[in-house]
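Asker: Here the structure of chain L is known, so what remains is to put chain Z in place on it, guided by the hints.
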Amino acid sequence: MSDILRLENINYSYIDGGYERHILKDLSYSFEAGKFYTVLGPSGSGKTTLLSIIAGLDTPKSGEIYFNGRNIKEIGLHKYRRNEISIVFQQYNLISYLTAVENVLLAMSETDNKLPKDRKTVAYNLLERFGIVRTKADRMIGQLSGGEQQRVAIARSLASNVNLIFADEPTGNLDTATEKEIIGIFKELSHDFGKTIIVVTHSDTVSQMSDQRVLLKDGKMQKL
Amino acid sequence: MNFINRAIKNVTRRLSKTILLVLTFFLIGNLVIIGLGISNASKSAKILTRQKMRAVVTYKVDYDKVYRYTETIEDQDELQKFYENYPRVKVEDVTEFLKDDRVRMANSVSSNMWYQDENNSVDFVHLNNTREQNMDENQGQSCWTDINGSMVCETYKEPTFFIKSNMYPGMIEFEDGDYQIVSGRFYNQEEIDNAEMVCLISENLAQNNGLGIGDNITLAVDNLSSYAKQSGTTQEDLESTFEIVGIFSHNKPLTPDSPNYEYASPYENPDNMIFMPTTSSYMAQLTYQQKQYDYYAQMYPDEEYYQNPDNRPSLENMEKNMYIDSVTLLLDDPLNVDQFVEDYQSKLSQFTSLDANNDEFNRLAKPLDTLSMYANFIVWLVVINAVVIITLVTALTLKNREYEIGVLLSVGASKLKVIAQFFIELAIVAVFGFTLAVASGSLISREIGNRVLEAQIASSGINEEDDIGTYYYNDLWDTDYSTKITLEDLTSEYEVTVSPLIIAEIYVLGLGIVLISVIIPSFMIMRYNPKKILMNQN
Numbered sequence: 005m006s007d008i009l010r011l012e013n014i015n016y017s018y019i020d021g022g023y024e025r026h027i028l029k030d031l032s033y034s035f036e037a038g039k040f041y042t043v044l045g046p047s048g049s050g051k052t053t054l055l056s057i058i059a060g061l062d063t064p065k066s067g068e069i070y071f072n073g074r075n076i077k078e079i080g081l082h083k084y085r086r087n088e089i090s091i092v093f094q095q096y097n098l099i100s101y102l103t104a105v106e107n108v109l110l111a112m113s114e115t116d117n118k119l120p121k122d123r124k125t126v127a128y129n130l131l132e133r134f135g136i137v138r139t140k141a142d143r144m145i146g147q148l149s150g151g152e153q154q155r156v157a158i159a160r161s162l163a164s165n166v167n168l169i170f171a172d173e174p175t176g177n178l179d180t181a182t183e184k185e186i187i188g189i190f191k192e193l194s195h196d197f198g199k200t201i202i203v204v205t206h207s208d209t210v211s212q213m214s215d216q217r218v219l220l221k222d223g224k225m226q227k228l
Numbered sequence: 351m352n353f354i355n356r357a358i359k360n361v362t363r364r365l366s367k368t369i370l371l372v373l374t375f376f377l378i379g380n381l382v383i384i385g386l387g388i389s390n391a392s393k394s395a396k397i398l399t400r401q402k403m404r405a406v407v408t409y410k411v412d413y414d415k416v417y418r419y420t421e422t423i424e425d426q427d428e429l430q431k432f433y434e435n436y437p438r439v440k441v442e443d444v445t446e447f448l449k450d451d452r453v454r455m456a457n458s459v460s461s462n463m464w465y466q467d468e469n470n471s472v473d474f475v476h477l478n479n480t481r482e483q484n485m486d487e488n489q490g491q492s493c494w495t496d497i498n499g500s501m502v503c504e505t506y507k508e509p510t511f512f513i514k515s516n517m518y519p520g521m522i523e524f525e526d527g528d529y530q531i532v533s534g535r536f537y538n539q540e541e542i543d544n545a546e547m548v549c550l551i552s553e554n555l556a557q558n559n560g561l562g563i564g565d566n567i568t569l570a571v572d573n574l575s576s577y578a579k580q581s582g583t584t585q586e587d588l589e590s591t592f593e594i595v596g597i598f599s600h601n602k603p604l605t606p607d608s609p610n611y612e613y614a615s616p617y618e619n620p621d622n623m624i625f626m627p628t629t630s631s632y633m634a635q636l637t638y639q640q641k642q643y644d645y646y647a648q649m650y651p652d653e654e655y656y657q658n659p660d661n662r663p664s665l666e667n668m669e670k671n672m673y674i675d676s677v678t679l680l681l682d683d684p685l686n687v688d689q690f691v692e693d694y695q696s697k698l699s700q701f702t703s704l705d706a707n708n709d710e711f712n713r714l715a716k717p718l719d720t721l722s723m724y725a726n727f728i729v730w731l732v733v734i735n736a737v738v739i740i741t742l743v744t745a746l747t748l749k750n751r752e753y754e755i756g757v758l759l760s761v762g763a764s765k766l767k768v769i770a771q772f773f774i775e776l777a778i779v780a781v782f783g784f785t786l787a788v789a790s791g792s793l794i795s796r797e798i799g800n801r802v803l804e805a806q807i808a809s810s811g812i813n814e815e816d817d818i819g820t821y822y823y824n825d826l827w828d829t830d831y832s833t834k835i836t837l838e839d840l841t842s843e844y845e846v847t848v849s850p851l852i853i854a855e856i857y858v859l860g861l862g863i864v865l866i867s868v869i870i871p872s873f874m875i876m877r878y879n880p881k882k883i884l885m886n887q888n
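The listed protein sequences correspond, in order, to chains L and Z.
Here the first sequence is numbered in this note's numbering, starting from 5 and rising by one per residue.
Here the second sequence is numbered in this note's numbering, starting from 351 and rising by one per residue.
Chain L extracted, bound-state conformation (with noise of 0.2 Å):
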């Protein structure tokens, strides 16, 4: 299988009370497309920050992150993010003011790839496939819980059609069955549609699931 996103040499550190300190270290790592990965750490081991410069949101001190096989800052930050990922965060990050439908087709219309004409029934589509009938999915965001909540993030992941999804403790507010029925929707995403999945998180419920557990430590990536 091909390499859809490579890490090479990754350094990231900041400035904390006058000491730089060192959280990601010449980290290299490659993830195959189509898989679900699941990233563990301890606290502080620097998952987020993995996350947000794999995701596009902030950029290492040093190294370089290929999408398959072109560099991101090539691609841009700001249009990778448009067009190539999508994130589903721990606290669902759907918009207050909005309804389930209109936080989907926000993700549709940010993005510059092809999507079908009628995109508001596409919507609708992607909520129902998640459990979000329709008369939920008309509803304001914060009359739903937070089961419903996440599945429509995971819906706008898939909105903009893109194969690469990131999600950052994305059962971390969840109770137990509904946390199995999230990452079962992600296990069918990467399996049933290709798409590659890559969870960072704490838990090891969501981490048994995955294809390939990868344990972040003293800066680098190690397979489990």
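Just so you know, the hints here were simulated from the structure itself, not pulled from any lab data.
Keep in mind the model is a prediction, meaning the values are calculated, not measured.
Don't be surprised by glycine CBs; every beta carbon is placed ideally from N, CA and C.
Check before you lean on any hint, since a few could be wrong.
[Said to hold, decoys possible] Beyond 12 Å from chain L on every Cβ pair, some chain Z residues (computed):
id : residue
1  : 659
2  : 726
3  : 761
[To be verified] Quick list of simulated restraints, FRET-style, between CB atoms:
id : chain 1 : residue 1 : chain 2 : residue 2 : range
4  : Z       : 873       : L       : 32        : 33 to 39 Å
5  : L       : 37        : Z       : 746       : 41 to 47 Å
6  : Z       : 766       : L       : 23        : 36 to 42 Å
Answerer: Leaving out everything else, chain Z in the frame of chain L:
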């Protein structure tokens, strides 16, 4: 779901925040409308009043400046020299003014009281009042000192005609319609330049004497008194014959109902008014004046003035001999007056000035000016405060919306689109707020505007009776052509309304406030690091 849709949904679905902001813009809008309404009403009241005034500018000797200057001269010889060349208005300046398209005509009017000729060939229009009935009786004495230094007195003889002459063709009096040409024409430039003996007489004088256009009328410039005779002047020297080129009517008849009718002289009757070029009038008096000059030159051989042949009256030195201290210019539009003064004032000689009679106008308009100034001050104060308040509100809101900005950036929205969304949200709210303010502001601004004007007038100490200028130009001697305007004229034109211009101004101002208010939050957005969205939730 583009940024415009998002902005609309944010405004319509976060109603409590929207209502608060609409209320803020509504209050700001009301204050701005009141301020702009008062300011515009003050300005337009001044303009409308100005338009009601005659568009006249007086080119004149500035006696205040002359006085201040002479006060600084200590050397008596120098002072004497200054007086010998006393400042006067320059004919060449007036010629220059007349070339300006804004100048319609110039009035340099001189007046004389003349007599019927010895044969009474033309009889004046009679008033048949008490004064006229007693004309032949001893009404008073004219006295002078003769060559021997003795006081000589003789009976005063009443003049019968009032001669009004102008150095330029056309007269403001005719332009205003108080005098109208019923047949013939006004004298022209050529007749003025050549001192041709032409005149205009009244309709009644023409009818009473069976005169018409092209007929002649003989007049005497003075009474052949002993005073005139002592210089060798004859009746023939005093009389001149004029061709009638125009007949006029007037709207200021002297009737038994007129004040002091019984004591009015024949020459005070507008029917006995005769218009002619100043040069013609001067020409008619020239022989008499020359004989007087020669007589005094002989009488005072040591007097330097009489020994200088340049001082002997002639048509060439008429201007010097007559001494012109003011010329009134009639412009095409009262609103051009101030600009005209500004254009030429600096080009004039040191002791002459252009007077648009602005001092009194400005004095009466002071409450309006003060009001306008305060109103503008309030508008700016409100606008500055509005910018600060809206900026702070937006910046504070932004703090709460960092999460939303992070989401938008993470899904690939550009920062500029985020800023545009914030701008549109505020603009929608501002339009709502200002629209409500336009509705309410039009109701309250009039009431407040009238009350503050009343208070301003009361505190300014200006009385309603105060006026500017005088309007008695039809008075025989008066050459003040400025219009009489009262404080009431000014205040009656003051009407606070919310005009389409104000409405346009308020929306432009509102969008300006929004635009400026978004600048600081925009910097915050531009500096926003999207990584925060991940860090914050951890």
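Asker: Return the numbers of the hints above that this structure violates; sort them in rising order.
Answerer: Violated hint: only 3; rest satisfied.
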